[in-house]
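Chain R: place on chain B using the hints.
So the protein sequences, as listed, match chains B and R.
Here full-length UniProt numbering is used: the first residue of the first sequence is 1, the next is one more, and so on.
Here full-length UniProt numbering is used: the first residue of the second sequence is 1, the next is one more, and so on.
Keep in mind that the hints were calculated from the coordinates and are not lab data.
Glycine included, each C-beta is placed from N, C-alpha and C at the ideal position.
One thing to keep in mind: the hints can contain errors.
[Claimed, not checked] Restricting the straight-line Cα-Cα distance to at most 20 Å, the calculated cross-link-like pairs of lysine to aspartate or glutamate (EDC-like) are: (1) K568(R) / D48(R); (2) K23(R) / D331(R); (3) K28(R) / D45(R); (4) K332(R) / D121(R); (5) K181(R) / E32(B); (6) K76(B) / D33(B); (7) K54(R) / E27(B); (8) K181(R) / E13(B); (9) K183(R) / E32(B); (10) K257(R) / D3(B); (11) K112(R) / D213(R); (12) K183(R) / D3(B); (13) K185(R) / E14(B); (14) K181(R) / E75(B); (15) K64(B) / D33(B); (16) K257(R) / E23(B); (17) K185(R) / E42(B); (18) K7(B) / D33(B); (19) K332(R) / D45(R); (20) K64(B) / E75(B); (21) K183(R) / E14(B); (22) K23(R) / D33(R); (23) K54(R) / E13(B); (24) K332(R) / D48(R); (25) K76(B) / D45(R); (26) K31(R) / D48(R); (27) K183(R) / E30(B); (28) K112(R) / E208(R); (29) K185(R) / E27(B).
[As the list claims (entries may be wrong)] Just some of the chain B residues that point at chain R, by a computed CB distance under 10 Å: (30) F11; (31) E14; (32) L16; (33) H20; (34) A25; (35) R26; (36) E27; (37) E63; (38) D67; (39) R71; (40) M74.
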Amino acid sequence: MIDKLKKLIAFYEEVLSLPHRTEIARELREEEDVFLLLLFSEMVGIPNPTYYYTLELYPYMIEKFHDWHLRMGMEKSPLSGIRCC
Amino acid sequence: MSAIVVALLGFVVFFLGYRYYAKFIAEKIYKLDPNYVTPAHQYNDGVDFVPTNKFVLWGHHFTSVAGAAPILGPAIALYWGWLPAFLWVILGTVFAAGVHDFGTLVLSVRHKGQSVGTIADRLIGRSGKLLFLFIILILVLMVNAVFAWVIANLFISFPSSVFPVLLQIPLAIMIGYMVYKRKTKMLVPSLVVLAIMYIAAIASAQFEFLQIDLVKYMGGEEGDGLFGLGAVSTAFFIWIVFLMIYSYFASTLPVWKLLQPRDFINSHQLVVGLTILYLGLFFTNPELTAPVVNENPDRSWLPLLFITVACGAISGFHGLVSSGTSAKQLDKETDARFVGYFGAVGEGLLALISILTVATFFANTDAFFSTYASYNDANASGLNTFVEGASVLAGGIGIPSTVAVTIVSIIVVSFAATTLDTSVRLMRYIISELGTEYKIPTLSKTHVATSIAVLSSAALVLLPEGPRGFGSGGYLIWPLFGTSNQLLAGISLMLISIWLKRLGRNYAFTLIPMIFLIFMTMYAMFEQVFFQWAAWGTNTNMLLFVLGAIIFVFALWIAMTAFRMLTKKYDDPIDQNKAM
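So that you can see chain R by itself, here it is in the shape it has in the complex:
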């Protein structure tokens, strides 16, 4: 089957979803009011609360939520065949992610621009807030540990990408200085840096001396490394230490010095990446060689599919962005549909191209099964397959394959590094907040909180032996990522449902995806915690068992709270113009 047909089908469903379903939700359920004074106007302070053009806000929202996760999840979920992954991405985006992202935006706008965490604090008490902090803490710890491994892995697998990525750091600092101190515009300098990076990519793809290949320096894969480790393990060790030191600086320096300029160089890469891949797809018209459905999987798609494709369909992190920054900048309440729902559609498009890239990469179905032989194999090779598949599509518009591999790996590294920077910074904030909450002021200090964040992530990466060898310790708790992320989305949907109920509106449209998500999360957790990781399970793992059991109890508690709050009789519907 032609991949173009599948892509077009996806576009049509996304279009119909936005045109009709989102319109229905906006008018009948959320009842957006063009005359409502949004927090951006009410509290306009020129900094956080600023009324912003809806197209600009959409661009910002989309670049904030799009990262490496919507690429990674679908690339792995292809293990069950392209159809299940495609259907969940399409339907999940239209019926769950769109409603969720859009809903958290509206909920926050109607609550003075507060974040979902604060709203949870008000709706379900202080324990709700601590639950949020705990889940986010686990999430960011996992993200730090795993993304450090992902970047190190890409550096080792595609050594030509190292030089351009390293080059970006001093150039970004230079741009930050120019924009902040000299007040120059940022578009042209950041495009120049991007061009320099790509020229460096072309050069390092051609000339071997520009490739920083640590494994080769130590005598190849069989060579000896440091501290009695092999060459590959030593390379992992060096890159991970480098990344952790980098994260420390990136998260403590003022953001305009490194993070912001790096982000705005990287935000072009999203446009470049999506354009190259979709153009490549339409020029080469490849056939889908991955099976429609994998008939003999070693792990059932139910419920794992919904946990594996995390950010591609619905993600709790989107709710944090929606209610954290976007809600404070919404000019008119009616813009929420475009920003929130269409933002989710943008993410869906990224997940869709990830599916099509991997599904068209293999010469035939047998070749697919030799790489995707088991669920664990799919997990291990999903990202690298995406990079190579993307280089084939890029070849369709005339980019030579070696250069394309380098450019695509730079794009993926950049996405992963942006996520890593943000997530270390986020972890620092959470540790500080916990310090304030539990009256341990030392924890609130920048360098103390950052040291804890970086050292705990580094310890998780390096100390235990992970499933993918040395340096992959983060993968030990990675199975919890999908579930905790979906759980976060479930809590947000629950908050929206409770709010809608109290307004006396029909809340079925948020309740159904909420039940679906919480059910799938609990199903997956129950199966993994009690049948796999437990002492009597098939794959005993005490660390996962304990953490998984804690998250499972939280999920159960949320489900019970939701049931209690949603079955409670509210005699007096609240005034929708009055914040709760």
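Next comes chain B alone, as it looks inside the complex:
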């Protein structure tokens, strides 16, 4: 009985949090996108004095970059500097 009640409450909470979770995920994604742009701004023609250092993050960012260009509707990487796929 208590288990069922807990399940019901969990379900109710999930209904409640569904749109909220989406919204938070969207805001976080936008922050990530800006971060990505800051890191790789040199590749799109924006001068970046710290490019030498940010480039070191390249191996860690490559998967996220791949997800980004797929999400933007580009099947292949649009930047010649990054060949992720």
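Below, chain R alone, put in the same frame as chain B:
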């Protein structure tokens, strides 16, 4: 006649509709495939496209489509007696709304989760998309203007509801902060806020000093207000300005700060409201005192009934929600029947309780006719009658009448405010989109678009003298709400029918409600535009005439497009797994 019998009858029809008709539609017409890879899986990005449990998705879908409109429409439509309103809500939900909401969901799932607007763009060209934008723009403008008046009216009529509603704003901001920054769960805090609001409601119902009664502060209804306006008009002015400023912030702040936490506090109110009303109904077993059919109405029910009960039976807005968000989160295609069709049934249940609440409120039929003396009277008093009727039902489960009135008015204000927030935000998006479409980049800027949305709504509310006095300017174009909303539903049904035809399926089940809707919309518009609002009409109104005529031309154009597309011969049925 006992209201319980009518409620049970409604439940049975809804059950049969879902159990048999929706099953038939799912299997034979939409041919749902459990193995189809839905957009939620295909484009899973963890944000918009996320496979979601069907019960959770239903809950989300239902709370998104349920608002003040399914309460308001049926409460007014009771003017023609409870039977016509009941029949249209029941049959409209089963044969039109269910098929429509379910269909837009399936159509969108089979088109990469795109919205009906985008699908219309592809099926009937760019003009289809602009038509969509135009109709939605008119709809949201009306909603902004009228809901601002509705809330201001409830604040003036039930001053005890002001304090709890205002209290909700800082508490919602606090919850938003806790959930977003501190990562706490949201259920318990939002329930605590709801409890605080209801305690505040009980307190303000008991203690007069907690009631923010602007009219009383200015010396009662006969008192003097500001700028040469009377006390009531000044109260309207102050509340509407307050609501417009609030809407500006609500629609520009990041959603997690105010809108989302407010929405999840309000979503409990839907559960609370429906539970109180249906329990009250079953405990008190009231008799229906409204007439079965009003035999001498001053306005004919045909076609007005189908326009008045907008969201209670079928609504174009549901298609926007179905194809906008729900379709992107559908886990399995077979879940569409539960989410879409049963979502419409949920809305039908809300409309049904609205009918029963008002129909059981009056002591006898004569009392009903003294309030519902004419169609205009029904329009003016429908919502307040619902609030008072609901407090009687709530009394059935032991809630004192003054507290019940306050709580019910808070629920209605909350629904209306949620709609207002969303609709101002929606208007901002549309203005931005039009800016992009017509290459005016300034319009795409957040504060420019929001200012235009808020100022145009405020101007519509305050500048013209509306049919219900100062501040009700929105009601000048409100007669267009039902028709444009139904027209939107008609377009969606048309898109589904064209798609079904191209798949080589039987499309009669979406075509018949489409013809019915477009016919009723055009009939109502023709009658109103050319016999009432025109220069030679009975109730000349140039604003309504021009806007109504534009919408009428659109309706005609849609009917012709539908005819052309549906009579066209398609030699090669499209592959249903291939998006158009």
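Against the structure, the hints come out as follows:
Distance restraint check for K568(R) and D48(R): the Cα-Cα separation of roughly 36 Å exceeds the 20 Å cut-off, and the hinted pair is therefore not satisfied. Between K23(R) and D331(R) the CA atoms are separated by roughly 18 Å; this keeps the pair inside 20 Å, and the hint holds. The straight-line distance between the Cα atoms of K28(R) and D45(R) is roughly 32 Å, outside the 20 Å bound, and the hint therefore fails. Using a Cα cut-off of 20 Å, the hinted pair K332(R) and D121(R) is violated, with the two alpha carbons roughly 26 Å apart.
Of the pairs offered as hints, the one joining K181(R) and E32(B) holds, with about 17 Å between alpha carbons and a cut-off of 20 Å not exceeded. Only pairs whose Cα atoms come within 20 Å are accepted, and K76(B) paired with D33(B) is accepted, the gap being roughly 18 Å. Between K54(R) and E27(B) the alpha-carbon distance is near 25 Å, which puts this suggested pair outside the 20 Å criterion. Taken as a hint, the K181(R) and E13(B) pair is honoured in the structure, with Cα atoms around 18 Å apart against an allowance of 20 Å.
For the hint pairing K183(R) with E32(B), the CA-to-CA distance comes to about 19 Å; that is within 20 Å, so the pair holds. With a C-alpha separation of about 33 Å, the suggested pair K257(R) and D3(B) falls outside the 20 Å cut-off, and the hint is violated. For the hint linking K112(R) to D213(R), the alpha-carbon distance of about 51 Å lies beyond 20 Å, and the restraint is violated. Distance check on the hinted pair: K183(R) and D3(B) sit about 25 Å apart at the alpha-carbon level, beyond 20 Å; violated.
For the hint linking K185(R) to E14(B), the alpha-carbon distance of about 10 Å falls within 20 Å, and the restraint holds. Of the pairs offered as hints, the one joining K181(R) and E75(B) is violated, with about 35 Å between alpha carbons and a cut-off of 20 Å exceeded. A C-alpha spacing of about 9 Å is found between K64(B) and D33(B), which places the hinted pair at or below 20 Å, so the restraint holds. Distance check on the hinted pair: K257(R) and E23(B) sit about 11 Å apart at the alpha-carbon level, within 20 Å; holds.
Distance hint between K185(R) and E42(B) is unfulfilled; the C-alpha atoms sit about 41 Å from each other, more than 20 Å. Only pairs whose Cα atoms come within 20 Å are accepted, and K7(B) paired with D33(B) is rejected, the gap being roughly 36 Å. Only pairs whose Cα atoms come within 20 Å are accepted, and K332(R) paired with D45(R) is accepted, the gap being roughly 17 Å. Simply put, K64(B) and E75(B) have alpha-carbon atoms about 14 Å apart, close enough for the 20 Å limit, and the pair holds.
This hinted pair checks out: K183(R) and E14(B) have alpha carbons roughly 15 Å apart, not beyond 20 Å. A distance of roughly 13 Å separates the Cα atoms of K23(R) and D33(R); the hinted pair therefore holds under the 20 Å criterion. Between K54(R) and E13(B) the CA atoms are separated by roughly 14 Å; this keeps the pair inside 20 Å, and the hint holds. With a C-alpha separation of about 16 Å, the suggested pair K332(R) and D48(R) falls inside the 20 Å cut-off, and the hint holds.
For the hint pairing K76(B) with D45(R), the CA-to-CA distance comes to about 17 Å; that is within 20 Å, so the pair holds. Taking the CA atoms of K31(R) and D48(R), the gap is near 25 Å; set against the 20 Å cutoff, the hint is violated. Restraint check for K183(R) and E30(B): satisfied, since their Cα atoms lie roughly 19 Å apart, inside the 20 Å limit. As the CA atoms of K112(R) and E208(R) are separated by approximately 56 Å, the hinted pair breaks the 20 Å bound.
With a CA separation close to 18 Å, the supplied pair K185(R) and E27(B) stays within the 20 Å bound. For F11(B), the interface hint holds, since its Cβ comes within 10 Å of a Cβ in chain R; the closest pair sits about 6 Å apart. A cut of 10 Å between beta carbons decides the hint on E14(B): the least distance to chain R is about 5 Å, and the hint holds. At about 5 Å, the closest approach between the beta carbon of L16(B) and any beta carbon in chain R falls short of 10 Å, and the interface hint on this residue holds.
Hint status for H20(B) relative to chain R: holds, with the closest Cβ pair at about 5 Å, below 10 Å. Against a cut-off of 10 Å between C-beta atoms, the interface hint on A25(B) holds, since the closest Cβ of chain R lies about 4 Å away. Below 10 Å, beta-carbon pairs count as interface contacts, and R26(B) has one with chain R at about 5 Å; its hint therefore holds. Annotation: interface hint on E27(B) holds; nearest CB of chain R at approximately 7 Å, less than 10 Å.
At a threshold of 10 Å, the smallest CB-CB gap from E63(B) to chain R is about 13 Å, leaving the interface hint violated. A distance limit of 10 Å between C-beta atoms decides the matter here; for D67(B) the minimum to chain R is near 8 Å, and the interface restraint holds. A cut of 10 Å between beta carbons decides the hint on R71(B): the least distance to chain R is about 6 Å, and the hint holds. For the restraint placing M74(B) at the interface with chain R, the shortest Cβ-Cβ distance is roughly 14 Å, beyond the 10 Å limit, so the hint is violated.
Of the numbered hints given earlier, the model fails hints 1, 3, 4, 7, 10, 11, 12, 14, 17, 18, 26, 28, 37, 40; all others are met.
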